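Student: Protein sequences, first through last, are from chains L and C. Everything in the first sequence is counted per the working numbering, starting at 157 for the first residue and increasing by one. Everything in the second sequence is counted per the working numbering, starting at 1466 for the first residue and increasing by one.
Among the hints, a few may not be true.
What the hints assert, rightly or not - One-sided excerpt, in silico: chain L residues whose CB lies under 10 Å from chain C:
{"hint": "1", "residue": "Phe168"}
{"hint": "2", "residue": "Ile183"}
{"hint": "3", "residue": "Tyr186"}
{"hint": "4", "residue": "Leu187"}
{"hint": "5", "residue": "Pro189"}
{"hint": "6", "residue": "Met202"}
{"hint": "7", "residue": "Ile211"}
{"hint": "8", "residue": "Val213"}
{"hint": "9", "residue": "Pro220"}
{"hint": "10", "residue": "Asp223"}
Said to hold, decoys possible - Quick list of in silico lysine-lysine cross-link-like pairs, BS3-like style, CA-CA up to 27 Å:
{"hint": "11", "chain 1": "C", "residue 1": "Lys1617", "chain 2": "C", "residue 2": "Lys1575"}
{"hint": "12", "chain 1": "L", "residue 1": "Lys192", "chain 2": "C", "residue 2": "Lys1593"}
{"hint": "13", "chain 1": "C", "residue 1": "Lys1610", "chain 2": "L", "residue 2": "Lys195"}
Treat the hints as calculated values from the structure; they're not laboratory data. Since we're looking at a predicted model, the values are computed, not measured. Note that the Cβ used here is the ideal one computed from N, Cα and C, for glycine as well.
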Amino acid sequence: MQTTATFLYLIFIAIYLFLLFSIRSQINKYLLPSDKQSKNILQLLMLGAIILILISVFLFFLIPWRDYKISFNFINLMQKATDFKSNL
Amino acid sequence: MIQLNQKEEIILALHKHWIVIIGEVLFFSILFFTPFFATFFSFKIVEEYLKEYYYLFWFLLSIYFLTVYMAFFITWMNYYLDMWVMTNERMFYIEHSGIFGRNVSEFLIKNVQDATIEIPGMIPSLLKYGNLLVQTAGEKNFLIKQVQNPEKAKNIIMEYSKTANNV
Chain L
157 MQTTATFLYL
167 IFIAIYLFLL
177 FSIRSQINKY
187 LLPSDKQSKN
197 ILQLLMLGAI
207 ILILISVFLF
217 FLIPWRDYKI
227 SFNFINLMQK
237 ATDFKSNL
Chain C
1466 MIQLNQKEEI
1476 ILALHKHWIV
1486 IIGEVLFFSI
1496 LFFTPFFATF
1506 FSFKIVEEYL
1516 KEYYYLFWFL
1526 LSIYFLTVYM
1536 AFFITWMNYY
1546 LDMWVMTNER
1556 MFYIEHSGIF
1566 GRNVSEFLIK
1576 NVQDATIEIP
1586 GMIPSLLKYG
1596 NLLVQTAGEK
1606 NFLIKQVQNP
1616 EKAKNIIMEY
1626 SKTANNV
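Bound-form chain L, shown alone (with noise of 0.2 Å):
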């Protein structure tokens, strides 16, 4: 569970940067140079942002994953599904 748990977290995280980092590339390269404002924003936007990852990492690693026993078997899954179609 821990691991396909922080295998789906860091692909949301890579993607989440990935996207984050895109719109401030954008938005540095479309802005006009006067536009200083936008600037500031765009700077509070991005803390809000990375404040929002690092407690979202912090809150990851408290969870007692160890603990819960839901296993995500796909094959498991794939013959509770079979089971339950011929029980049909």
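Let chain L serve as the given structure and place chain C on it in line with the hints.
Tutor: Chain C in isolation, oriented as in the chain L frame:
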């Protein structure tokens, strides 16, 4: 980025009025703060019923917040990068869609034949925003919707157009 010629300088940059984005800001604020306050006010219930999954609950909530925050960020970016830029030679219409989509149209100021403004109703009149239609010598007309101070923009466009055509 707009490439300017040597003697070209930016005169006017028009964005859409803030009223355009206010509805979306409210929508995202509701999405962002409702679960936060709901959890805050039912803290004991959450603590009692989600004993085992307490931290998992907060973690999933943080993922939700991150997603809403990103959606708001993209919306703000689309609002802010949609703009009209007028230089002493040309006019650019830049339309941004999504994170990477971008559409840029431009025409020469000397080709401007007419500019019309439309302020539809009481709220646009009070908040000073409206639509601005710029007709050019070519077939294409350019409509700027919900722009700030359309009257001022129209006057500047016509002034520079006359100067460019030596009228």
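Student: For which of the previously enumerated hints does the structure constitute a violation, in increasing order of number?
Tutor: Failing hints: none at all.
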